[in-house]
Amino acid sequence: MNPLFENDLRASRRELFGKTASGIGIAAIASLLEQEGMAAPPGKEKLAIPGLQGLPHFAPKAKRVVVLWQGGAPSHVDLFQHQPLLEQRRMQQVPDSIRSKGRLSTMTAGQKNYPVLPPIKPFKQYGKNGMWLSEMLPYTGGISDEICLINSMHTEAVNHAPGVTLFMTGSQIPGRPSMGAWATYGLGCVTSELPAFCVMTSMDTGKTCGQLFYDYYWGSGFLPSRYQGVRFRGEGDPVLYLADPSGTSRSLRRGQLDDISELNHRRLTEFGDPEIETRITQYEMAYKMQTSVPDLLDISKEPKSILDMYGPDVQRKGSFARNCLLARRLLERGVRFVQLMHAGWDQHGNLDTQLALQCKDTDQPSAALVMDLKQRGLLDDTIVLWGGEFGRTTFVQGDITKPNAHGRDHLGTCYSMWVAGGGFKGGTVYGKPDEYCYNVEADGVHPYDLQATILHQLGIEHTKLTYRYQGRDFRLTDVHGALVPGIIS
Amino acid sequence: MHSYNRKSLKSAFVLRGPITVLALTIIMPTAGWLALGQKVEVAAPRINYARDIQPILKAKCLECHGNGQKQGGLQLETRAEMLQGGASGPALLPGDSSKSLLIQRVLGAGGKPVMPLGFTPLTAAQQVLLKAWVDQGAVWPTGLEKKHWAYIPPVKSKLPAVQNKGWVRNPIDTFILSRLEKEGLKPSPEADRVTLLRRVTLDLTGLPPTPAELDTFLADKTPNSYEHAVDRLFASPHYGEKMALPWLDTARYADSNGFQQDGDTYQYVWRDWVVKAMNSNMPFDQFTIQQLAGDLLPNATVDQKVATGFNRCCLLNGEGGAIPEEQRNVLLFDRVDVTATTWLGATMACAQCHDHKYDPLTRKDYYSFMAFFNNVPESGVPPFGGQYRIADPYIVVPTDEDNLKIQAIESRLNAAKKIQDASESTPTLREAQAAWEIQAIGAGANEVSLDPWQMSGPYPADSFDVAYDRQFDPEVGLKPEKPYALSSSDHPIKWTPHPEFKDAAVNALSGENSAFYLFRKIRSNRSVSQRLSFGSDDAIKVWLNGAQVVADKASRAASADQELVTVNLKAGENDLLIKIVNGGGIGGFYFKQLEAGIPADIVKLLHLGLGRSAADSAKVRDYYLANLAPAEVKQARAATAMIEKELADAKASFPKVMVMSDAQPRKTHLLLRGNYESPAEEVQAITPAAWSPMPASAPRNRLGLAQWLVSPENSLTARVQVNRYWQLFFGQGLVKTSENFGTQCEAPSHPELLDWLASEFRDSGWNVKKMQRLIVTSATYRQSSKCSAALRVKDPENRLVARGSRFRMPSLILRDIALSASGLLNPKIGGKPVYPYQPKGIWDGLAITNERDFSYPQSKGADLYRRSLYTFWRRTVAPANMFDASVRQTCKVRLVVTSTPLHALTTLNDVTWIEAARVLAQNVMAIPGSDPDLKLAVAFRRVCSRTPSASEVKVLHRGLDRAMRIYRADPSTAAASLKSGEAPLDTKLDPCALAAYSAVCLEILNLDEALTRE
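Protein chains in written order, with my numbering: chain R, 59 to 547; chain C, 3 to 1016.
A portion of the hints provided could be inaccurate.
[What the hints assert, rightly or not] Partial list, computed: chain R residues near chain C (C-beta under 7 Å): (1) F116; (2) A117; (3) A219; (4) Q314; (5) E320; (6) F329; (7) D331; (8) L355; (9) S358.
Simulated from the structure, these hints should not be mistaken for laboratory data. By construction, the Cβ of each residue, glycine as well, lies at the ideal position given by its N, Cα and C atoms.
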C-alpha cells in the first residue's frame, strides 16, 4: 500500500465506508480493520471531526490541552528553583566545571566574568505541599497544590526560535507538525463549529521583550494543512475573513450559500466527485463558525466574580489575561488544543524592572485559568502547561552594579516548567538541579520526554502516532522521548 | 478542520494492478468487493523482491534483524539467512507461507506478539505481498534486480499492443490504454471543448480562457484546432509565470529571510530569471546547471550568476544570539535537502545522523554531498541592517527600471555641475583665494584638544520614538547663546566621567528604549573649521555650542562615519553634546575627530606656492571652495552634492541578489549526530556510491554535481522531473510520492510509461515544452473528468487514468482567476514584489523592536491586481489569503489540497473576491439590454468558461431577485457593500442593482466549478 496514502486513509476510512457501504463487503472491511488493529475501542468520544482509527491507543486521562507559552524564557533562578546557597555566593564566579556543560548564546559566550546573581526577590512556601516559589508568584502559589513543577527541564537550544520550535514541533529547524497538529490529527475533535486547534498571542505590557511568534509554532508541517492551528487575532476579524463583508446581511449570506449549494449539488450529480460534497459541507461549517466564534469571544455574560479572578487585564483585548479566559471558553466548547503564546520574559538587561512586571502580567490569569477549569470540573481531563523555551543563566549578563543594565542570558541546560490537571501530579516538585540551578543532576526531563508524557495522558503512545513522509515514519518526538512516570498519577 | 479526503481506501489496492487483485483475493476471498467493480481474472502475478519485498523488510524488520543487528539470533538480509533462521528455527519455508515463521510472526499467529515488536505492524497489503512472495517460492533476485528500480537508468520499452488503436493519439495513450484494457476498462470520452480549453489554459497559464479565446476556439473547426490553442498557450508569457509557481515552492522562495527582524531580500530578480527561463524553454539540463553552478561556468554572465540564487533562498536567522557556525551548517543541511529532493527525489536528510534506514545512502555519502556546498563565503547569519538584510555573497543587479532612473539623475547632475562650474570660475573668486592663501600660510599651527567624555543616562522611555523626541534634562534649555552647563541649580543632572570611552571605536551603551547623553569640551587656539565623524546605535543628535548639527533617527548598529559633519570651532572652549537613543538590544556610539582647521596636506601644498602641480592646485582650490567660498558658490556645490547623494542612494538601492560562490574553500567533515560541534573524519565532495558515478570529465564541485545530475547515466533526474510534470497535469504523479523515489516510494502506477517519458525527455535534449506538449495533447489528458459510480468504486483515486482529473486550483491561482474573470488583472510580467490587500495587523506581530518599520505598505492602483506570483512573500507570515500554500520554509514538491471552512470564509469575505465580484458585476451590467439572464450568463461564463444552462440561470436570477429585495428594503446596506476595494465605482449604476449583481457574482466565484479545474 502506498504509505503516504495510508495516513490519509485512516482518517477518511470511516467516512468513505459510510458513503459507499451499500453493497460492499462490510464484513470484509471490518475484518480488514481488525487485522490492522484499527477497530475503534468502545466508549470513545463522539467526534464531529474524526481522528485516526485506533486512537486513542488506550483510555486517556486527558482530552484537552492548553499551553500557556511564556516566550523569551522565564528565569527559573528567580522564580522556581529555590536555592539559598546562591545568596551566599553572590558575586562569586560560577565555576568553570558547572559552566562547561552547556553552550551559551553569542551574547555572553565571550564574557570574561560570570558572577552569581542570586534571585532578585525572596522565595516563600505555598500551599499544603509547601512548594517554594518566588514571592513574585503569589497566585501561582495559590494553586501550588494543583501543579507539578518540573525543575529539571533541559534542552540543546540556546536561541529563541530554535528552542520554541523544538518544544512545539520536536525539531529545532522549522518544518515539522506542531504538537497541537499531531493531537488533532490523531484524536479529531468533538466540535466542528470552532477550529480544533486554536492559537492566541499576547505581548508583555511594556513591549520590551522582542519575541516573535512564527506560524510554524502552530503549523501542520507535512500533515495536511487543515491540522494547523488557527490564530485568533486581537484586532479586526478574530479569525481571518470571519465577518461577512459590509452590507451583507445574514439573510443575504444565507441565500447566497443556498444558491451555491444548489448549483454545486447539480455539479455533483453530473461529475460524481465527492470533493464537491465536501465543499458543500465546508461552506455550511463556515456559516456556523461565523456565529460560534463571535459567541465565543463575547465575554459580556461572564459574571463579575469570574472576571475578577483573571484580574483587571482581562478587560483589555489581546492581553494574556483575556486570552486565558478565552482559552477556558474554547476548552469548554470542545476545542482539543489551545495554545496561548505570550512574549515577555527575555530579560537580558532589564531583569530588575521587567521580571516583576511579567509576573504581574501572567501570574494571576494563569492561576485563574487553572481554578476556573477546576471549578467547572474540566481540570481533571485538561492539561495546562506553563513555561518557555529554556531558562536563564545564574550568572549576570551586563553590569551588576547598574540597576537597569543587567539581567541573565539564555540557559538550556536547566530550567523549569509546570503542568496542572490532566492526570499530572499536583503539589509535586520533580527533578534535581545542581546547586547553581545550572545543570540537571537527576531526573532530567527533555522536551521530548514531556511531549511523550503529554501525548500519553491524551491516550497516545508517542512512538505510534506517526506520519509517513519522504519514506520515513515521522513522529512528534522524532527518535527520542520517554514517558516520565514521576510526574503523572 | 474536517474534510472528506479525495483519497480513499480502495485505491490503495488498485495501485499495483494485478498485485492488487491478488491482494484482495487473498485477504477476503469471499468478500464480494471485487464483484462491485469489474471482476478481473488474472493469473497470480510475480512478486518482485526488489520492488515489493525489500522495502517492507527494510521498513519493518532490518532494524533489529539486519545492519549488524541479530535479535533472537535472526538476520533477514539474505535468503540464506532467512532459511537458516534464528533461535526459533528457519524463518522461511519457500512455497508455503502458512508454515513460514516469518509470516506467522508478522501476523501474530498463535497468540505470539506481533512483529515488529513495539512498532506499527505490517499493513494488510504488506502482509499479503509477503505471503504471496513466500508462496511463490521466495524468489531472491540475482544481478540488477537487487537494485531499486529507480536507481537503474530508464530505458524506452516497446510500445505495448492495444486493441482500440483509434483512441491513441501519442505513445502516452498506448501505455495508459494497454493497462486499461488489461483491467477491462475503457477510457472516458473526450471532454467537451469548453472544458478542455479551460483545463489546458489553466494548466499552462494559470488563467481562465477569455471569452474571446473561447469563441475563437469554438469557431475553429480545423482538425488541429486544439493543438493550435495549445501552441498559443505555450507561447504566452503567462506560461512561465504558471510554471514558476511550483518551482518557487521547490526552491522555498520568499522575499524575506525569515526569523526575527525578517529582513527583506531582492531574490525576486532570481524569480524573474525562472519565469524567463521557463518562457524561453530553456532546456532542463541548462536550467539545472545554471541554478546549481552558474557562477562556475566559464565567463559566467550576470544571468547565470543570478540563477544560482536558487540555493540562496534559504531561511537566515538574524536572532541576536544566533551562533553563526551553527546557522551556517543549517544552511548546508537545507541545500543538501533541497537539491536532493528537487532533482533526485532522494531523502538525503535521513542520512544526516546515521546511515539511511532504507536507501543505500551512508552518512559519509551525506557529508560528501554536503561538501559541494561548503565553499560559500558566508557567515551563516544575515548582517544587521534596516529593511533589507543581504548576506554575502551577493551581486548587484540593476533592473531596466533602475537604469532609466540612473540616466535621469545623471542628466540632472550634469546640469547642476555646469551651474557650479560657472559660479566657481569668476575672477573675484580667484583673487579672494589668492588673498586667503597668503593669510593662511602666515597664520601658524592649529591646536585643538579634547576633554574626556562624561555621560548622563540612560533615560528610559515607553518607546523608541518617545526616547528620541523627549528633551531629557541634559538637553533642556540648550541655546546657542547659552550653550551648556554640566549641571545647573535648576537641573541637578548626574554626570559620570567615562575616561574608558575611546575615540575611533564603538563604545557600548546598554538600556532599551533609552536615551544617553555624552558630553565633552573641545578647546581650540583659534576659530577654525573641524570635521567630525559619528556613529550610533540607534538614533543620534549632536549639538555644538548649543546649535544642533546632527539629527538622524536611524535604526542600526554603530560604525565609523555614519554621520560626517564639518563644524566651526570658536577660539577657546566649545561644548559638544551627543544624544544616543537605543531601541532594542545593546546600543553604542562612535566618535572621531577628523581634520581640524586647514588639513595638514593642504597646508603643505600652500607652502609650495607656485611650484605646485595642476592637480595639487585643484586640491587647494577644492578645499577653498568647499569651506571658504561665498554663499552662492556653496549653494551650487550643495546642489550638486545633493544630486550626487541621490545618485549614490539610487545605486545603493540596486537589487543585491544573493548568489552562490566557491570563494571560500573549506574542509568538510562528517558531523556526529549532525552536530557541527562534533566533527569526525574529513570527507571529499563526491556523489553517493549507490548511484551512477560522476562523469570522469566533471569537476568535483557544484558544476560537476550539476553535470552529473543531467548526465545520461543518472537514473533519477529525468524520472523525477517528468513525474512532476505529470503531477502538474493530472494532480498526482505516476509515482505519487513525487518527493521520494527511494526504496520507500510508492511504486509507479505505470512504470513503463514513466521510463518511456523519462527517456524521451532526456533524449529530446531536455526539451520541457516538448515533453509537456506531448502530455497535454494526449488522448489521456483530453478525457472528460466525469466519473461513473462504478468507475469511482473501481478506481477512486484515478490511478489508472480512465478519466480526466479534476482538482481544486491552488489559492494563488484562485486569486488570479477572480482578477482575470472580473477584468481587474494587471498582466505585467516580473519586477519588484507588490503588496495587494491584506487584513490589518497581519505583520504587526513582527514589529517587536524599532529596528525597522513593519507596517504593510499596501500597493495602490494597478499593483493591487498583479498575479499572485508577484505578491510579497514574507517568510515569517505568508500572505493571508493564500491558503493551503507551501509555507516556503522548506522544499515542497507536492501540494496537498484540502478543504476547510476557513478557505470558504476567504473566498466569500476577502476584499479581493468582493471587489472582483463588484467589478465583474459592473462589467456585465454595462452590457446593453435589460435582460438580467443574459448578464448573469455572461458573468458565469467569464468565471466558469461555459454557458450556464437555463435552469442554472434561473437559480442565479432567483438569487439576484432575492438580493435586490434585501437591498431595496435597506439601500444603505447596498451603499455599504459597494465600498470594498479601490477599483473605481461605477456611480451611474443603481447602487441596489449593482450590489445585488455583485452578490450573485460572488456566488459564481465561489462555485465549486469556479474553484476547480475540471
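Tested hints:
1. Evaluation of the F116 (chain R) hint against chain C yields a violated restraint, the C-beta minimum of about 15 Å exceeding 7 Å.
2. The beta carbon of A117 (chain R) is not positioned within 7 Å of any beta carbon in chain C (closest approach about 20 Å), and the interface hint is therefore violated.
3. Interface hint status for A219 (chain R): upheld, as the beta-carbon distance to the closest one in chain C is roughly 6 Å, under 7 Å.
4. Taken as an interface hint, Q314 (chain R) checks out: its beta carbon lies about 5 Å from the nearest beta carbon of chain C, inside 7 Å.
5. Evaluation of the E320 (chain R) hint against chain C yields a held restraint, the C-beta minimum of about 5 Å falling below 7 Å.
6. About 5 Å separates the beta-carbon of F329 (chain R) from the nearest beta-carbon of chain C, less than 7 Å, and the hint is met.
7. A least Cβ separation of about 5 Å between D331 (chain R) and chain C falls short of the 7 Å threshold, and the interface hint therefore holds.
8. Using the Cβ-Cβ criterion of 7 Å, the hint placing L355 (chain R) at the interface with chain C is not satisfied: the shortest such distance is roughly 16 Å.
9. Interface hint at S358 (chain R): violated, since its Cβ lies 23 Å from the closest Cβ of chain C, which is beyond the 7 Å cut-off.
Against the hints set out earlier in the document, violations occur for numbers 1, 2, 8 and 9.
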